[in-house]
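Visitor: Numbering (our numbering), first residue to last: 123 to 253.
The set of hints was computed from the structure by calculation and includes no laboratory data. Heads up, a few of these hints could be off.
In silico DSS-like links for lysine-lysine, alpha-carbon gap of 27 Å or less [as the list claims (entries may be wrong)]:
#1 Lys228 to Lys244
#2 Lys228 to Lys218
#3 Lys228 to Lys240
Predicted, not measured: the structure shown is a model, and the values here were computed from it.
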Amino acid sequence: ISYKSPVPPLYSSAAALSSDFLLFFLLFFFFIVSGFSTFLSIEPVWIGGFFSPSHPLLKGRGRRKGGRERQRERERENERENERERETRENERETKTRERKRENEKRERKRERERNEKEKGKLWLVSQSTL
123 ISYKSPVPPL YSSAAALSSD FLLFFLLFFF FIVSGFSTFL SIEPVWIGGF
173 FSPSHPLLKG RGRRKGGRER QRERERENER ENERERETRE NERETKTRER
223 KRENEKRERK RERERNEKEK GKLWLVSQST L
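Please work from the sequences and hints to get the whole structure.
Guide: If you want it as structure tokens, here you go:
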């Protein structure tokens, strides 16, 4: 029984497959060895990007820009947060001093009232004794 697939094979034979691979490998090797030649100006970019593990510094270049921006943004946010905290501390300090002043004034008025009442009491006693 012979079965015929409706899908044609990718390569006609194993020999063709291996020769294609060999050709690809040789081209790839040539591009890698040629390095940063003027043969293809884009070559190092796509070869390095797709086929070879890049150096960590090269890899991080794009990320680092974004990372720097994020770092700056974090620093700005921290500064804003610190500023907010400082302002709230100042406000709390001011409210505390205002409250303290108010309490002191209240205490002072109370003392004054008591003094005045004592004076009135003394005056009343004096007026009673002269009668």
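Visitor: The structure should be examined with respect to each hint, and the outcome stated for every one.
Guide: Each hint, compared with the structure:
1. Lys228 to Lys244: Status holds; Cα separation ~24 Å.
2. Lys228 to Lys218: Holds - the C-alpha atoms of Lys218 and Lys228 are around 15 Å apart, at most 27 Å.
3. Lys228 to Lys240: 18 Å, holds
When the structure is compared with the earlier hints, no violation turns up for any of them.
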